[in-house]
Amino acid sequence: SDGSNADRKVVVGAAMPVFDDKWLSYLYDAMKDGAKDKNVDLKMVDAKNDSSKQLSQVEKFATEGVDVIVVCPVDTAAVKPMVNVAKQANIPIVIVNRIPPKDVMKDVDSYVGSESIKGGIIQMEEVAKILNNKGNVAIMTGQLGHEAQVKRTVGNKEVIQKHPDMQIILEGTAKWQRAEGIQLMENWLQSGKKIDAVVANNDEMAIGAIKALKEAGKLDETVVAGVDGTPDALKYVKSGDLDVSVFQDPVGQGKGAIDTAVKLAKGEKLKDKMVWIPYELITKRNVQEFEERWDVYNKNKSN
Amino acid sequence: MKNQQTIEKQAPVNGRVRVDWKEKGSEVVSRYGIFLIFLGMVALMSILTPHFFTYFNLINVVRQVSFIGIVAMGVTFVIITKGIDLSSGSVIALVSVMAASFAQGGHSLVVPILIGLGIGALTGLINGTIATKGMIPPFIATLGMMTAARGMALLYSNGRPIGNLTDSFLFMGSGDLLGLPFPIIMFLVMGLISHLLLNNTKFGKSTYAIGGNEQAARICGINVDRHLILVYTYAGFLTGIAALMLTARISAGQPSMGVMYELDAIAAAVIGGTSLTGGIGTIPGTMIGALIIGVLNNGLDLMNVSSYWQQILKGIIIVTAVLIDSRKNRKS
Amino acid sequence: MKNQQTIEKQAPVNGRVRVDWKEKGSEVVSRYGIFLIFLGMVALMSILTPHFFTYFNLINVVRQVSFIGIVAMGVTFVIITKGIDLSSGSVIALVSVMAASFAQGGHSLVVPILIGLGIGALTGLINGTIATKGMIPPFIATLGMMTAARGMALLYSNGRPIGNLTDSFLFMGSGDLLGLPFPIIMFLVMGLISHLLLNNTKFGKSTYAIGGNEQAARICGINVDRHLILVYTYAGFLTGIAALMLTARISAGQPSMGVMYELDAIAAAVIGGTSLTGGIGTIPGTMIGALIIGVLNNGLDLMNVSSYWQQILKGIIIVTAVLIDSRKNRKS
Amino acid sequence: MGEEILLEMKDISKEFPGVKALDKIQLTVKKGTVHALMGENGAGKSTLMKILFGIYSGSGTISFKGEELKLSGPKDALKKGISMIHQELNPIPEMTVAENIFLGREPVYGKTGWVNKKKLVQQTAELFETLNIPIDPTTKMKDLTIASMQMVEIAMAVSHSADLIIMDEPTSAITDKEVKYLFEIIRSLKSKGVAIIYISHKMDEVFRICDEITVLRDGQYIGTKRTDELDHDSLTQMMVGREIKQVFHKEPAEIKEVILSVKNLSKEGKFKNISFEVRKGEILGIAGLMGAGRTEVIESIFGVDPPTSGEIYLCGKPIKIKHPSDAIRHKIGLLTEDRKLTGAFLPLSVKENMIMSGMNKFLNFGFVNGGKVKQSCVSMVEKLNIKTPNLNKLIMNLSGGNQQKVLLARWLLNDPDLLILDEPTRGVDVGAKAEIHKLMCKLAQEGKAIIMISSEMPEILGMSDRILVMHEGHFKGELSREEANQERILQIAFQ
Ligand SMILES: Nc1ncnc2c1ncn2[C@@H]1O[C@H](COP(=O)(O)OP(=O)(O)OP(=O)(O)O)[C@@H](O)[C@H]1O
Ligand SMILES: Nc1ncnc2c1ncn2[C@@H]1O[C@H](COP(=O)(O)OP(=O)(O)OP(=O)(O)O)[C@@H](O)[C@H]1O
Ligand SMILES: [Mg+2]
Ligand SMILES: [Mg+2]
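Just so you know, the sequences run in chain order H, W, S and X.
Adding 71 to a residue's 1-based position in the first sequence gives its number in our numbering.
Adding 2 to a residue's 1-based position in the second sequence gives its number in our numbering.
Adding 2 to a residue's 1-based position in the third sequence gives its number in our numbering.
Adding 90 to a residue's 1-based position in the fourth sequence gives its number in our numbering.
One or more hints might be untrue.
The calculated label-pair distances, taken between Cβ atoms and stated as ranges, are [what the hints assert, rightly or not]: (1) E219(X) to G177(S): 50 to 58 Å; (2) K135(S) to I61(W): 33 to 41 Å; (3) K135(S) to P52(W): 44 to 52 Å; (4) N110(H) to D178(W): 54 to 62 Å; (5) G177(S) to R356(H): 55 to 63 Å.
Just so you know, the hints here were simulated from the structure itself, not pulled from any lab data.
The beta-carbon is built from N, C-alpha and C at its ideal position, and this holds for glycine as well.
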């Protein structure tokens, strides 16, 4: 590294929600890369989607005395006690990816990411555009009660409400999984309802829906939308199977979180408390751009 | 019958085997009880939604069920021996990512299949060996495998799906054979094989014997440990088959696959009449058990019951089905 | 020993048990085996990472364990009767959202507590009633509850967390009493109560008796059904306590709370020596079992072991712990 | 005393699917008497008693102490003054003797439900003292021998201070010594006005202790007589409906070469330096008190729990038996002493129970040949006179004696050269006993060797060509058929 940090290594305690999620795995990689670049000692732990476990992990970081805590919350409703712990221990806390309510935000040192609800809005707005603001929509949700499931679905519904000719005719959960997505879509296809668009909380489920639609020969007449924009999902966008996806930039969020954390640890002043890494719409038109971004990232990484 | 007996009193040997039709009747009800419940459920769904009882939908249901159904067959063997297998879901994930990584072209179809079946069987072998030789409860042995296999799947795949699988591999998930989807064919074939194995071979009889009375089984000359290891291995092998087909079906190996499948598989077996206290269970029963779960999922989806209510209803209906079934048994 | 026996010859019945000190010794090892393994694990962790054996970290571990630990106590009762409870995790979620909705100010602290404990106990009552009166396996009865309770939690909360809880309510999760976190106090208190209940009361004796030989219990005039219903109710009640404290701790009622807790609770009981075949188990054992799981999670986090490797190691270590323990048992 | 009627059961009927277990049964028991209930295996004795104890419900009327008796369950029966020793032992293995005895009625502090453990042990100790049972109340049940468990169950039934005690085969698992103690207990109960219903297949006991006898046959009421109106033969006639010539009738067989010989077999803590041989055509009896180690020796030979040292020779050749499958391969069979624990596969059918040890011979290309199985099993059912409606009946629904016959059939199907029988007629009725004995003789005549362990002296004396006496894990001596009698056996055991 550049030698400017002759002082001791910054220790970052990162409390992450769950490790067996594809998009999050890119976020973690980005954080690790960021940590390597900045010569940071990154301690990353897995809460297995359990808020109380995450809280304990944050407490442990506090008693261990890390320089800064980064949390990607299992559930934003449970962030408050974590922030309290950090405050009491006088350790700066950065929240990534999932934004807590306003009254909690005032005690948070920085937020890096976007607003989950926006992902759902962007996604549904594009679907509405393709459908000319009318048609039957099926919403495929993630594991019920998960932060991203709740917020993205709310975003979807907000948009639908604005369009009187669009209605949600089906809603069901496929638990973030491709296999469940196929199954749910198969069942929906048998339900005799005319489905103009399938809007899924993530790309994996959308890909599942695509498989079922393809088999039934109905993919052409159905719009499919997902969220995430990870490299394998982009292939489906490129081939035209996945009409809409929403890019949530794991590299931007991951590296951004580490950058911000290091600054806070060193007592530097932040330019902005809110580091927005917005959702971006992906369609066949601009998919190239995102593929290039991944290529660049992967190349840098392998260097 | 009274007269009959009075006559028989004189006879020196009254150990004759009488056929009693009334008993036969109630035996039929108790034996096929769950099948009747299944038919009732199908009838109900057909009334509730016109889209249920169509050829395509029924094919659809059976195909969906076939994966869990095949896993549940192995689980049935295990439960009959008084064991349990909590590792199936995670093993599916492990097999999935490992087989997928060898199905990306360049390899012949044989390689991923052998790897998939091999790993499935191997995990079973480990489960069985730990449970028997280590003398620890199968619950713990397979719980350990459940945790460890998931970890290995994640580690191997770095938490991401492994795609780009060859077309020949994909056939196992989406291909048709004799006009039926390949998974359905496998469901039926493995069902038949497992049924014959359980009912008509020494292996099967020994399986029942161990579950019925392990001590007595030993005295009858059955090598209990070795047999149990084989049972777990067979369960792992069947899980491997399901995992390969599932991977082919979604055309990717995924480390997050199969979460909670173990519970569905156990539920299918128990709904189908397999007793967790050992010694009792049948493969056709388990297949019906799996179909009941499948029909339930499908029907509720078709009727667009909200996800929350689906869960509530699913819980209630499963309990009710077993309730009705066990009441039937009681009468006999 | 031979001489001893020669004297006994005169006695009319020679089924007396001789006190054998060698046996006594190995009994101690087998009885406290899991405790020794626990100590070994603590020692190992202390060597491997300096952050482990500090006051604050140990408090942290115990607090983290206290929730699952309390649930596991109820599960221990259930397993001793040869039953199982798969619903704990989902019941935690149901209690959590319902209690939270009454803890948002305007209500006194008593209301959410009564509601929480009441709902916990009620789910247990239902589990027990269905299992006994409906004569269906507890596995299925509680599996149904597992699914249904989760659905109800989601329905009630519309899938969203319920926050803004009153400070007095939050005390149950984050408050200190006598210099110790409230959950730890409750862990110890409920542990003591459960231990006494199991060991020193008629209720406890009947619990062991039913698990040891249900037929015998019936013959001795124990109302088996009623007793089992009470056992499940107590388990539900304890789950309610854990759920209230968890809700207070994260200051929100969550419908997605407690996923897979049932498995951890069962694992804690089994690691602690409770036998799934019934009739055997202790509360201190279960508490140690829960602590073992807690120490494992905490230690692996402290050593910054990657999450994937953590899972693999966790699986292996749990199996190993029980393996070492059961080997001890075998010697006796 | 002895004329006041305590219990009157009228027209009791009970049906199980496929079996009319009881058909209009009558039973009248007087206060302060011992009333025997006799009948072949499956006659319905236990079923009738289970109805009386509230385990089953049946039709008909019961009056007890002058009032009509309607029971909701065993608890009710106990409350009303009826207690029962059950045919099958019902221990709770992980609990102590004291806890077993006072289960459900533990002494508590006040009304707290808090068990007074000290008093629990003390009460048990007092009970044992009055009954002369030397068992430590704090022992775990699983650490007791079967005989001791049986004594505990007897004590438990007595401790309820009931007006009527049902004893369903209380002596099937204990030896003469304990029987003597039991009879003392019974006499003292009688003198206190307690009535006892006594079920046993051991005729001599019935004549020794009982005042009246009621006989059932195939679920039918045959009659009630005073004991002094009956003798051995007439009672048998009543029970079986035909004459049984001689109970322990041994037919001579030609004794040929040695088939099995055992040299210096030892197992630490169990038995030491056991040497013996058995010849083709011979019935070798092993006598000894309960807990002498007889079971341990033969289970060791059979590979259940291999010995620590010593050699086993089969037809002169040394063999190693590490597992029961080795023994079975060498054509040895073992009928174990504990049906429930090591014998029957309770959830399985009669048929499956029969074929489990010799499946190989029913295999065609690896598949079990159903026809062959059925044929063999049917012939066994007929040969051993097993009472079962069909082969698919679950063995747990057969009467105890019939279960025993099914297990015997299991080994006979294997056509063994050496058959080891551990308490082969425990709980088996006279008729069946005679048939099992006849079968043993026939097997011997066919040139098979038989080792028989029995705690029933007349059986040992009547059936054996040669008798080994075992005590405290040692072989104490050997008697030929001619020189053996009860006194000499006991003498050798205690010398
Ligand atoms: N639970 C049951 N289900 C079906 N049949 C049963 C059941 N219990 C007993 N039977 C049948 O009822 C008949 C009477 O059995 P019971 O046990 O009363 O005989 P028993 O006279 O006590 O014989 P044993 O001397 O062998 O103990 C038998 O034919 C038996 O098979
Ligand atoms: N479950 C047990 N736990 C402890 N000791 C036992 C157990 N079973 C048997 N023993 C002891 O082992 C010794 C031999 O018992 P074993 O059953 O072999 O005697 P046996 O002569 O066959 O008696 P039986 O006539 O009851 O079959 C006895 O001293 C007995 O106390
Ligand atoms: Mg009987
Ligand atoms: Mg014996």
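Taking the hints in turn, this is what the structure says about them:
1. E219(X) to G177(S): 50 to 58 Å: This hint holds: roughly 56 Å between Cβ atoms.
2. K135(S) to I61(W): 33 to 41 Å: holds (39 Å)
3. K135(S) to P52(W): 44 to 52 Å: violated (37 Å)
4. N110(H) to D178(W): 54 to 62 Å: holds (57 Å)
5. G177(S) to R356(H): 55 to 63 Å: This hint holds: roughly 56 Å between Cβ atoms.
The structure fails to meet hint 3 from the earlier list, while all remaining hints are met.
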